[in-house]
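Peer 1: One letter stands for each residue in the lines below.
Protein chains: 2
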Amino acid sequence: MKFSKLASGLKASEIREILKLTTQPEIISFAGGLPAPEFFPIEELKKVDVAVLEKDGRAAVQYSTTEGYLPLREKIAEHMKSSFGVDCTAEEIIITSGSQQGLSLLSQVFLDADDVVLVESPTYLGALNAFSLQGPKFIAVPTDEKGIIPEELDKILQEHGKNVRLMYVIPEFQNPTGITWPLERRKAFLKLVEQYDFPILEDDPYGELRYDGEKVPSLKSLDTKGQVIFLGSFSKIFLPGLRVAWMVADPVILDKVIKLKQAVDLQSSTFAQRQAYYYMTMYDIDAHVKNLVEVYGKRRTLMYNTMKEYFPKEVSFTYPEGGLFTWVTLPEGMDATEMMPKVLEKKVAYVPGGPFYPNGGHRNHFRLNYSNMPDDRIVEGVKRLAEVLKEEVAKLK
Amino acid sequence: MKFSKLASGLKASEIREILKLTTQPEIISFAGGLPAPEFFPIEELKKVDVAVLEKDGRAAVQYSTTEGYLPLREKIAEHMKSSFGVDCTAEEIIITSGSQQGLSLLSQVFLDADDVVLVESPTYLGALNAFSLQGPKFIAVPTDEKGIIPEELDKILQEHGKNVRLMYVIPEFQNPTGITWPLERRKAFLKLVEQYDFPILEDDPYGELRYDGEKVPSLKSLDTKGQVIFLGSFSKIFLPGLRVAWMVADPVILDKVIKLKQAVDLQSSTFAQRQAYYYMTMYDIDAHVKNLVEVYGKRRTLMYNTMKEYFPKEVSFTYPEGGLFTWVTLPEGMDATEMMPKVLEKKVAYVPGGPFYPNGGHRNHFRLNYSNMPDDRIVEGVKRLAEVLKEEVAKLK
Chain P
1 MKFSKLASGL KASEIREILK LTTQPEIISF AGGLPAPEFF PIEELKKVDV AVLEKDGRAA
61 VQYSTTEGYL PLREKIAEHM KSSFGVDCTA EEIIITSGSQ QGLSLLSQVF LDADDVVLVE
121 SPTYLGALNA FSLQGPKFIA VPTDEKGIIP EELDKILQEH GKNVRLMYVI PEFQNPTGIT
181 WPLERRKAFL KLVEQYDFPI LEDDPYGELR YDGEKVPSLK SLDTKGQVIF LGSFSKIFLP
241 GLRVAWMVAD PVILDKVIKL KQAVDLQSST FAQRQAYYYM TMYDIDAHVK NLVEVYGKRR
301 TLMYNTMKEY FPKEVSFTYP EGGLFTWVTL PEGMDATEMM PKVLEKKVAY VPGGPFYPNG
361 GHRNHFRLNY SNMPDDRIVE GVKRLAEVLK EEVAKLK
Chain G
1 MKFSKLASGL KASEIREILK LTTQPEIISF AGGLPAPEFF PIEELKKVDV AVLEKDGRAA
61 VQYSTTEGYL PLREKIAEHM KSSFGVDCTA EEIIITSGSQ QGLSLLSQVF LDADDVVLVE
121 SPTYLGALNA FSLQGPKFIA VPTDEKGIIP EELDKILQEH GKNVRLMYVI PEFQNPTGIT
181 WPLERRKAFL KLVEQYDFPI LEDDPYGELR YDGEKVPSLK SLDTKGQVIF LGSFSKIFLP
241 GLRVAWMVAD PVILDKVIKL KQAVDLQSST FAQRQAYYYM TMYDIDAHVK NLVEVYGKRR
301 TLMYNTMKEY FPKEVSFTYP EGGLFTWVTL PEGMDATEMM PKVLEKKVAY VPGGPFYPNG
361 GHRNHFRLNY SNMPDDRIVE GVKRLAEVLK EEVAKLK
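If you're matching them up, the sequences are chains P and G in order.
Under the numbering used here, think of the first position of the first sequence as 1, with each following residue one higher.
Under the numbering used here, think of the first position of the second sequence as 1, with each following residue one higher.
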């Protein structure tokens, strides 16, 4: 039996294998990107489910359109205005089965083998997986603590700009680094890329989860050319298991995406789309987000302060203003993947940083998630991590 | 902005455009493939939704595994034995977002550009769309009223067998023809393909909807080599809008499919999978199917008898023993696509047959669906169709 080139290149995700190890309840896992289940609005969902079937009846479980449930797309258009400063209509929105599907659809719509994709370095592993299916070449744009460095991007564009087919960025609470681009960076970025006609994919699943600092306008809200494609999601602000997310794009792009989605899975769940819609109609999703912000913000601060107190001074880490992750940098020469068994022995888990770099290397980092652990386990887990780090740093001397 | 080769080749589905026209309530539509909503178990679903949240709580809406909810896969393994005669375990099953996703995943796993795919002629349009994304060459295997003709397949295999990368078949109540392969055809088929190592994709969304005649063993149940991949679905026997279907395949194949699905959409809806599982646990799905069989069988018979009474004798059509469709053949020279406006003028709709043929031609067919219209509209719709047919046939003379 012969597999396709694509299938022959598929490898097990390192994260996936690690997450399997970390599902035992005794492990303090900072590895996943899971929202905290204790804040899922379960009681509200029970009422939502009844409303969906009482009000929409059989239409709620019948086949429906590929682009998605119109009233939900209209609600999302309002939400794009109030939460992301983006003026758009339902016609510019398609519902996807999670943002991961948005990534894979756009990968298929824009990329052929050996095409050039620009990404932050590091960047979201799941996006690299989706793009990799088409076999492109990744060029990693260097970043600092404020995101992509305009001068570095400029150099890359001078050399490769004409061949770039897609650029993927997470300007808000980036996965994996937790970094946010300040406004001046965003403006400088757009000024550079506007000279080219490749699409910018702005992935923003965490944008509403800001714990401090000023809200910064999304790239999509600053885009005057229709060059930015925006991915938003209910996974982090409502419920990940429904698999309801959305894409905002120029209608010419959306037309391709809709036709592709029809061949790929016909449509996303009719029922789940209405669960999201009725939740937004019956309850105040912004108030729910506000509660999440309060809890996650405390956890973020607790993890940061505990790391500051216990981690050896040779180890640095980011201070995320929002989102789910902080990014830890070990001294050069240390390897977070090799350190994993020692960490797991202490019943703690993280995600090693290597796989977040499209072209390898950079193994002296790991990602920590703070949204999914209660306070006492955050403190205990960070202390255990600190023990391993101290031992390992000592070996370097 | 440059699109990929794949995106440049995307065209609007003819069916999709037609279905848009036929959503007005005054149209008697035989065009879709919709199950009858009046038999959706809505009251049961209300109880199921409560049970999902009461019993599984937050896990029912959290992220979960790519392969799908284990208890559901175990239930499906039992169902595969009782309904399709297939011995398999949960480890051989992945949950997909509808069978359409199964088709597109397998397309990516097996096909590169210009690879050879064997299909029935005609065959399911949605499968052609999914395979077409990889740019393969289709070879249409001639069929008669008993399905694929072994002698014709033999000839094709002699010439192309070594280059075939995938064969797609619907042996049970085929879409679009309604034809079922008898046992001896299935055996002859397997004897031929067993000499090669390409996978056979058996798509069986309607297999449980048999109205008369003897149940025939599925290809998967007769397969001793692990060559057959089976696609089953809840869309026609439970609820299409949940988008829950399954694939049964050899673990080597499934491993590729799981890794690909992770990059494509991470997982299918956690909640919808549990809706299907709890429905199967709390209610008797076979009893529900039995009710559907009774109603759809009557509609099938009514449509067939009405066509027999009113259609001009130059027009022929199939007698489906199950499933959702009958296939109408017009005299050579007639064109069902060109006839569409006249039919729509009479407020009736069908799907023209041309798009079901991978390599074009064969425009003198159309597909009728009988599951989604009540008795009186079936009779009225067929009569109106008959009027157009008589006029058009008369023109040929």
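Since the hints were derived computationally from the structure, they do not count as laboratory data.
Keep in mind that the hints are not guaranteed to be accurate.
Each pair may be met inside one copy or between any two copies, as identical chains are not told apart.
What the hints assert, rightly or not - Below 25 angstroms or equal to it, Euclidean Cα-Cα: the simulated DMTMM-like pairs (lysine to aspartate or glutamate) are:
hint, residue 1, residue 2
1, K137, E314
2, K290, D375
3, K298, E38
4, K383, D286
5, K137, D112
6, K137, D114
7, K162, E214
8, K46, D284
9, K2, D197
10, K11, E321
11, K20, D56
12, K2, D255
13, K20, E74
14, K191, D284
15, K2, E380
16, K390, E152
17, K46, D56
18, K342, D376
19, K11, E67
20, K383, D255
21, K259, E338
22, K308, E321
23, K11, D286
24, K11, D112
25, K308, E194
26, K2, E194
27, K259, E91
28, K298, E321
Peer 1: Does each hint hold? Answer for all of them.
Peer 2: Right, here's what the structure says about each hint:
Taking the shortest Cα distances, K137 and E314 never come within 25 angstroms of each other, neither inside one copy (34 angstroms) nor across copies (59 angstroms). Taking identical chains as interchangeable, the C-alpha atoms of K290 and D375 lie at most 25 angstroms apart only when both belong to the same chain, with a minimum of 19 angstroms there against 53 angstroms between chains. With identical chains, the CA atoms of K298 and E38 are at most 25 angstroms apart within one copy only, with a shortest distance of 15 angstroms there and 50 angstroms across copies. For a Cα distance limit of 25 angstroms, the shortest separation of K383 from D286 qualifies neither inside one copy, at 34 angstroms, nor across copies, at 55 angstroms.
Taking the shortest alpha-carbon separations for K137 and D112, both the intra-copy value of 10 angstroms and the inter-copy value of 19 angstroms come in at or below 25 angstroms. Proximity of K137 to D114 under the C-alpha cut-off of 25 angstroms is found in both arrangements, the shortest distances being 5 angstroms within a copy and 23 angstroms between copies. For the identical chains of this complex, K162 and E214 are neighbours neither inside a copy (35 angstroms) nor across copies (63 angstroms), given an alpha-carbon limit of 25 angstroms. In the homo-oligomer, the alpha carbons of K46 and D284 lie at most 25 angstroms apart both inside one protomer (16 angstroms) and across protomers (24 angstroms), since each shortest distance falls under that limit.
With identical chains, the CA atoms of K2 and D197 are at most 25 angstroms apart between copies only, with a shortest distance of 8 angstroms across copies and 38 angstroms within one. When the C-alpha separation of K11 and E321 is checked against a cutoff of 25 angstroms, the pair qualifies neither within a copy, at 33 angstroms, nor between copies, at 44 angstroms. Taking the shortest alpha-carbon separations for K20 and D56, only the inter-copy value of 20 angstroms comes in at or below 25 angstroms, while the best intra-copy value is 39 angstroms. When the C-alpha separation of K2 and D255 is checked against a cutoff of 25 angstroms, the pair qualifies only between copies, where the shortest distance is 14 angstroms, while the shortest distance within a copy is 33 angstroms.
Taking the shortest Cα distances, K20 and E74 sit within 25 angstroms of each other only across copies (20 angstroms), while inside one copy they are farther apart (38 angstroms). With identical chains, the CA atoms of K191 and D284 are never at most 25 angstroms apart, being 37 angstroms at best within one copy and 62 angstroms at best between copies. With identical chains, the CA atoms of K2 and E380 are never at most 25 angstroms apart, being 49 angstroms at best within one copy and 51 angstroms at best between copies. Proximity of K390 to E152 under the C-alpha cut-off of 25 angstroms is found in neither arrangement, the shortest distances being 35 angstroms within a copy and 72 angstroms between copies.
When the C-alpha separation of K46 and D56 is checked against a cutoff of 25 angstroms, the pair qualifies both within a copy, at 16 angstroms, and between copies, at 13 angstroms. For the identical chains of this complex, K342 and D376 are intra-copy neighbours only, at 21 angstroms inside a copy versus 72 angstroms across copies, given an alpha-carbon limit of 25 angstroms. For the homomeric pair K11 and E67, the shortest alpha-carbon distance between copies (15 angstroms) is at most 25 angstroms, but the shortest distance inside one copy (31 angstroms) is not. Proximity of K383 to D255 under the C-alpha cut-off of 25 angstroms is found in neither arrangement, the shortest distances being 51 angstroms within a copy and 38 angstroms between copies.
When the C-alpha separation of K259 and E338 is checked against a cutoff of 25 angstroms, the pair qualifies only between copies, where the shortest distance is 24 angstroms, while the shortest distance within a copy is 44 angstroms. Taking the closest pair of Cα atoms, K308 and E321 come within 25 angstroms of each other only inside a single copy of the chain (16 angstroms); across copies the shortest separation is 72 angstroms, beyond that limit. In the homo-oligomer, the alpha carbons of K11 and D286 never lie at most 25 angstroms apart, since the shortest distance is 39 angstroms inside one protomer and 39 angstroms across protomers. Taking CA atoms no more than 25 angstroms apart as the test, K11 paired with D112 passes in both settings, with 20 angstroms inside one copy and 18 angstroms between copies.
Proximity of K308 and E194 under a CA criterion of 25 angstroms is satisfied in neither setting, with 40 angstroms inside one chain copy and 64 angstroms between copies. Proximity of K2 and E194 under a CA criterion of 25 angstroms is satisfied inter-copy only: 15 angstroms between copies versus 43 angstroms inside one chain copy. Within a single copy, K259 and E91 get their C-alpha atoms as close as 14 angstroms, which meets the 25 angstroms cut-off; across copies the closest is 33 angstroms, which misses it. With identical chains, the CA atoms of K298 and E321 are at most 25 angstroms apart within one copy only, with a shortest distance of 11 angstroms there and 63 angstroms across copies.
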